[in-house]
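Chemist: Chain G: place on chain E using the hints.
Just so you know, the protein sequences line up as chains E and G, in that order.
Here the first sequence stands for residues 1 to 216, numbered as in the working numbering.
Here the second sequence stands for residues 1 to 250, numbered as in the working numbering.
Since the hints were derived computationally from the structure, they do not count as laboratory data.
For each residue, glycine too, the CB sits at the ideal point set by N, CA and C.
Be a bit skeptical, because a hint or two may be false.
Simulated pairs of lysine to aspartate or glutamate, EDC-like, Cα-Cα distance not exceeding 16 angstroms [unchecked claim]:
id	chain 1	residue 1	chain 2	residue 2
1	E	K35	G	D38
2	E	K67	G	D38
3	G	K24	E	D168
4	G	K232	G	D214
5	G	K19	E	E66
Heads up, incomplete: computed chain G residues facing chain E, CB under 10 angstroms, no partners named [said to hold, decoys possible]:
id	residue
6	P50
7	Y52
8	E156
9	I168
10	P171
11	G172
12	F198
Now the stretches of chain E that chain G is said to cover, found in silico as 3 or more residues with beta-carbon under 8 angstroms [claimed, not checked]:
id	region
13	32-38
14	171-181
15	192-199
16	203-210
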Amino acid sequence: MYEFVTGPLAWVSFGIFLVGMTVKTVSVIRLALKKDKVVFNHFSLGWSLRSIFHWLVPFGSRSMREKPFFTAVTFIFHTCLLVTPVFLLSHNILWDERWDISWWSLSERLADYMTVLFIAAAIVMIFRRLVSPEVRIVTSASDYLLLAVVMAPFVTGYFAYHQWLRYDTMLIIHILCGEIMLIVIPFTKLSHMVLFFLTRAHIGSEMGNRRGAATW
Amino acid sequence: MAEPAVNTDIIREKLAAVKGSRFKTWLQICAHCGYCADSCFFYLAHDKDPKYMPAYKVMKTLGRLYEKKGKVSRTELEEMASIAYGDCTACRRCTLYCPFGIDIAVMMAAVRGILCTQGLAPENLMTAVQSYYDFGNQMSVTTEDFVDTCNWMVEETEEEVPGLKIPIDQPGADLMYTINAREAKFYPQDIAEAAIIFHAAGESWTFPSMGWDDTNLAMFAGEMKCAARNVKMVYDAAKKLGAKRIGVSE
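Here chain E stands alone, though its shape is the one from the complex (with noise of 0.2 angstroms):
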């Protein structure tokens, strides 16, 4: 079992995740040669680099600053989601081990507390959905669900790491949870991870190249 989830289905979720997110942005780009003519009419590069690293750096624009509590949590969230799992020291064995390829890890208790962080992050947002009127009236199932499967692979990467209950099938439900989310991406709106660039970029050069104002 262990082979086949880190085998062929892990071939095909990287596969799904890799070629469906290049499709995605691509089609989204054809498609706006054709039908969305607006975006090009004004588009500048430098608008769009300053829309995107305001949006990319914490409480770098207005709304963010308005909600600092908030913004912290998903800067946190954001950041252990995608440097813990690249990062993880038994993450890069695995690739030095098959592939021979080294980089750098960060260390198992830093890791450790991280996937905390993450865990307690998603915690908040979840509970936030729940308390906040204006979050909750815009929240649908989808939206926990997503959540729920952006979180599995921590929770269960965290359970395999301490060994508690079954080691051996901890690790596999882990990796399955994995493939899952990578699988899950380019289908549902976790596709901002690259879609954010594109309409950053259409709006920042909308606002700032047409009009010069600034969208952060």
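Modeler: Relative to the frame of chain E, chain G by itself:
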């Protein structure tokens, strides 16, 4: 009284027409994060009633139209009209508050464009639209009335500013000046005051006899054909007169 029919075909056609890359992407990636709420003065002015938060207003209008593939009842359309015209000014402030830069006002404008085809735009906006078609301005001012008003203002200011002119259709003027039709209709002294400034500044300027109204209520109604026609009318007048710039009052 039977309620007026809903033309689903036209709604579908319009929905398909606006569903390009932007709408598709925006509708898919909205994270429902709630950042847009605090940008909206309707939301703030209603004691943070979540009904007025921008993303929700889109879900209740455009979102629902796509969901139901245009098959909505007259009552539903009326609810949408109350949101699209009554609870949103399309000011685009929420766009600036959105982490993804989702242009909510543009989507609202598209909703208005759809409602317009079902006769649900506010009546006075539609009166203005008819007036643009019939007279080239929103207040049914005929060209004759407009020229008369300008001449009258020249007479009125004769003593105060001798030699003041209000040129109309003067080819080769640097600046083509345009106004809100309200100025010609109710506040002609505004025209005189602008003319005095141009006169004192030694500006080379002119009014066009057609295309002098720079307002575009058709755009607010969602009647985009008329809105485009209005802009084109002003632009064509400037081109015909060979003006270098177009001046907009207010």
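Chemist: With reference to the structure, classify each hint as holding or not holding.
Modeler: Consistency of the hints with the structure:
1. Distance restraint check for E/K35 and G/D38: the Cα-Cα separation of roughly 32 angstroms exceeds the 16 angstroms cut-off, and the hinted pair is therefore not satisfied.
2. A C-alpha spacing of about 9 angstroms is found between E/K67 and G/D38, which places the hinted pair at or below 16 angstroms, so the restraint holds.
3. Distance hint between G/K24 and E/D168 is unfulfilled; the C-alpha atoms sit about 42 angstroms from each other, more than 16 angstroms.
4. Taken as a hint, the G/K232 and G/D214 pair is honoured in the structure, with Cα atoms around 11 angstroms apart against an allowance of 16 angstroms.
5. In summary, the hint linking G/K19 to E/E66 is not supported, as the alpha carbons are separated by about 32 angstroms, beyond the 16 angstroms threshold.
6. Here the hint on G/P50 is kept, as its CB sits about 4 angstroms from the closest CB of chain E, short of 10 angstroms.
7. The criterion of a C-beta within 10 angstroms of any C-beta in chain E is met by G/Y52, whose closest approach is roughly 9 angstroms, and the hint holds.
8. Residue-level restraint check for G/E156 is violated (minimum Cβ-Cβ distance to chain E is 37 angstroms; threshold 10 angstroms).
9. Because the smallest distance between the Cβ of G/I168 and any Cβ of chain E comes to about 31 angstroms, over 10 angstroms, the interface hint for this residue is violated.
10. The criterion of a C-beta within 10 angstroms of any C-beta in chain E is not met by G/P171, whose closest approach is roughly 30 angstroms, and the hint is violated.
11. Because the smallest distance between the Cβ of G/G172 and any Cβ of chain E comes to about 30 angstroms, over 10 angstroms, the interface hint for this residue is violated.
12. Nearest Cβ of chain E to the Cβ of G/F198: about 26 angstroms, over the 10 angstroms cut. The hint is violated.
13. Given a C-beta distance limit of less than 8 angstroms, the hint that chain G covers the region 32-38 of chain E holds, as 4 residues qualify and 3 suffice.
14. Under the rule that three or more residues need a Cβ within less than 8 angstroms of chain G, the assignment of the region 171-181 of chain E is violated, with 0 such residues.
15. Figure legend: the region 192-199 of chain E, annotated as covered by chain G; annotation consistent (5 residues with Cβ-Cβ distances under 8 angstroms, at least 3 required).
16. Only when three residues or more bring their CB closer than 8 angstroms to a CB of chain G does the claim for the region 203-210 of chain E stand; here the count is 4, and the claim holds.
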